[in-house]
Amino acid sequence: NAGVTQTPKFRILKIGQSMTLQCTQDMNHNYMYWYRQDPGMGLKLIYYSVGAGITDKGEVPNGYNVSRSTTEDFPLRLELAAPSQTSVYFCASSYGGNGNTIYFGEGSWLTVV
Amino acid sequence: DAKTTQPPSMDCAEGRAANLPCNHSTISGNEYVYWYRQIHSQGPQYIIHGLKNNETNEMASLIITEDRKSSTLILPHATLRDTAVYYCIVRLWMDSSYKLIFGSGTRLLVRP
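Going down the list, the sequences are from chains A and B.
Mind the numbering: the first sequence is residues 657 to 769 in our numbering, read in order.
Mind the numbering: the second sequence is residues 724 to 835 in our numbering, read in order.
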């Protein structure tokens, strides 16, 4: 049981490039989340999903896209990378009901230059 | 929407109890309080959560006031490795789903 796995751990991207951050969980959780964390700040919710085929925007969705074709995977896509997207990205998952533990991945460090 | 308020920083001596307060005055009846911590820029680590009763596990205790407007996380014997940012979070029911919205957290420094 690996929990929540994120890849890559580190990436440097040039302005205007595109990339996908991968997130996989093996706990059969229906809820999955993407957060970003800028230096010295708390986590901000980007997108979330309550199940395969269902996604919705969080607090800071601009510049990102997501899809949820399977229960296990929730990739986050950056289409035209900008320096403002330099951040640490965290994926999380849980069972949907309130009172359940939310598990986080170890993060993906992204730098846009 | 329920939001949380925490002091930006606190410190305590190693071996002593660390008591981290949190205000969540607009919490709704079915919204849980969660505590996570983050060491450096690692992924947030789950500590404990509760609804209305006090909770205890191997890491900490959670004391929730009777009116549920505030709570306190207690680390009974703080160690240097407990130095971290601690987040008190209310899991909100918004737009037909549960969301975990983070605040700014409390930076706890455990002194030798």
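Treat the hints with care, as some may be off.
Claimed, not checked - Restricting the straight-line Cα-Cα distance to at most 25 angstroms, the calculated cross-link-like pairs of lysine-lysine (BS3-like) are:
id	chain 1	residue 1	chain 2	residue 2
1	A	K713	B	K822
2	B	K726	A	K700
3	A	K713	A	K665
4	B	K726	B	K792
5	B	K822	B	K792
6	B	K726	B	K822
7	A	K700	A	K665
8	B	K822	B	K775
9	B	K775	A	K670
10	B	K792	A	K700
11	A	K713	B	K726
If you are wondering where the hints come from, they were derived from the structure by calculation, not from laboratory data.
#### Entry: Numbers of unmet hints, in rising order
9
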